[in-house]
Amino acid sequence: MNYAQHVLTHLRKDLRLEWRTKDSINGMLFFALLVVVVLAMAFDPASYPDMTRQISGGLLWVALLFAAMTALNQSWARETHNSVLDAHRLSEAPASALFIGKALANFLFVSAVEVVLAPIFTVFYNLQPLGQTWKLLIILPLGTWALVVNGTFFSALSLRTRNRETLLPLVLLPISMPALLAMIQATTAVLTGQFEPTLWIKVLLAYVIVFTTACVLLFQTVLSAD
Amino acid sequence: MVTKIPRSNRTMPKWAQGWLALTFIALVYGFYQAMAAPREATMGNLYRVFFYHLPHAILSFVFPYLNLAASFLYLFWRKRNVERAAAADAFALASAEVTVLYATIGLATGMLWGRAAWGIWWAWDARMTTYLLLWLLYVCYLLVRSFSSTGQTAVIAAVLAIFAAIDIPICFMSIRWWRTQHPAAVFGGGANSGIDPSMVPAVLWNMIAWAMWGAFLVGMRYAIERRRQQDANAEALGILNDEEAAVLTHRLEEAR
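Chains as they are written, first to last, in this note's numbering: chain D, 1 to 226; chain C, 1 to 256.
Derived from the structure by calculation, the hints contain no laboratory data.
Check each hint, because a few of them may be wrong.
Claimed, not checked - If we take Cβ atoms under 7 Å as the criterion, some of the chain C residues that face chain D in the derived model are:
#: 1; residue: Asn45
#: 2; residue: Val155
#: 3; residue: Ile170
As the list claims (entries may be wrong) - Taking CB as the label site, the calculated pair distances span:
#: 4; chain 1: D; residue 1: His88; chain 2: C; residue 2: Arg115; range: 35 to 45 Å
#: 5; chain 1: C; residue 1: Pro38; chain 2: D; residue 2: Ser224; range: 37 to 47 Å
#: 6; chain 1: C; residue 1: Ile120; chain 2: D; residue 2: Thr192; range: 21 to 31 Å
Said to hold, decoys possible - Covered stretches of chain D, as calculated for chain C (at least 3 residues, CB under 8 Å):
#: 7; stretch: 55–68
#: 8; stretch: 154–162
#: 9; stretch: 189–196
A virtual CB, placed ideally from N, CA and C, is assigned to each residue, including glycine.
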């Protein structure tokens with residue numbers, strides 16, 4: 001098997017696991033919906049369209065980030081049952097293929113949540129974007145990958161710690177801060193139409209390239225930490 | 001883990017004492033220079049906190065690189081030389097702690113200065129936000145170290161240190177990328193950057209003094225961490241020996 005086949009095998013396994021239980025997607029979707037509802041109590045989205053445009057980008061990403069975190073915490077826990085993780089460590093398949101497969105699976109799950117959440121968000125918040133909406137088709141996948149690639153990595157890292165559920169947000173949030181800033185600014189640019197999102201898309205792209213490389217290179221070390 | 005560390009006597013070596021003495025002299029002289037520098041045109045005496053803000057801010061971008069280097073060395077030596085790996089890990093911990101200390105002082109003095117210069121304690125501009133991020137990253141590093149189970153702490157910490165260090169250049173470049181309220185980089189920030197020549201000695205002396213103090217703290221913390229490793233090791237070996245002793249006694253009794 002070559003590298004791509006290894007990645008595909010891992011991806012297929014993760015998708016099949018999710019298809020059978022649907023735990024991650026259902027959990028994330030409901031959680032994101034709850035965050036959207038709770039945030040609507042902080043201000044009145046329907047009466048102030050300008051303010052809604054200003055802050056909706058941030059709210060959307062915060063909802064997605066928290067939702068993704070609930071799923072990311074579980075994504076490696078699956079592999080610890082019956083010592084599957086040890087089997088992965090013994091197998092000849094490169095460790096980074098396992099990582100990329102899982103990160104791609106998580107990416108697809110969060111994207112699925114976005115596909116459902118975005119229309120709901122638009123309707124509930126009475127959102128009328130003023131910029132070029134098609135650019136969201138670049139920003140959303142890039143931003144999602146930026147969250148998921150580090151999230152998958154640190155979730156594997158926190159498997160090795162005592163209180164893993166607490167640790168993931170503690171590590172993921174500070175590391176993701178530049179990406180969060182870039183994706184929120186880019187989304188706000190599209191929603192308000194007041195400035196160009198190009199610079200922020202570039203920042204996001206650079207962030208994604210740098211951290212994907214770092215994750216792929218260091219995953220072997222994390223997998224065989226003891 | 002650690003196998004053998006020559007047990008030193010429990011006092012500071014002579015050269016370290018000398019270094020500490022020199023550091024105190026430099027600190028005192030730096031303080032004198034900072035207080036003797038001419039009053040600043042617009043801010044009066046309040047600007048003098050700058051002589052403490054600048055060294056701490058700059059140095060808190062230096063220690064993370066020591067931490068990064070030590071973390072790389074740890075990962076390199078992990079499977080090759082356990083003794084050196086343990087030393088690298090101790091150094092990484094020491095430099096991370098001093099990073100947090102210096103960044104805390106940098107943030108605090110920066111807030112004091114911001115209150116005097118702009119009338120507000122904190123502004124969410126790019127430079128300050130990313131500096132806060134630096135602080136958060138290394139606090140998070142120390143937290144992760146305290147959370148992780150023994151035996152894996154060093155690996156997790158080393159990996160996290162690499163991630164944190166990747167974030168720092170983004171932080172440092174931010175002043176050029178984003179519109180910012182923070183004054184342009186004092187040195188090398190364009191045509192109008194730089195400081196009045198009369199302030200140069202105060203800046204330089206405080207820079208040297210605080211760098212020496214930081215180096216002393218890292219060395220001190222490193223020595224303490226090495227001794228902790230040594231004690232943990234001795235304890236582990238001690239238990240092993242007690243068990244062996246018990247087994248031997250038991251066998252001897254049986255033989256009678």
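Problem - Hints the structure fails to honour - result: Hints 1, 4, 5, 7, 9 are the ones this structure does not satisfy, whereas the remaining hints hold.
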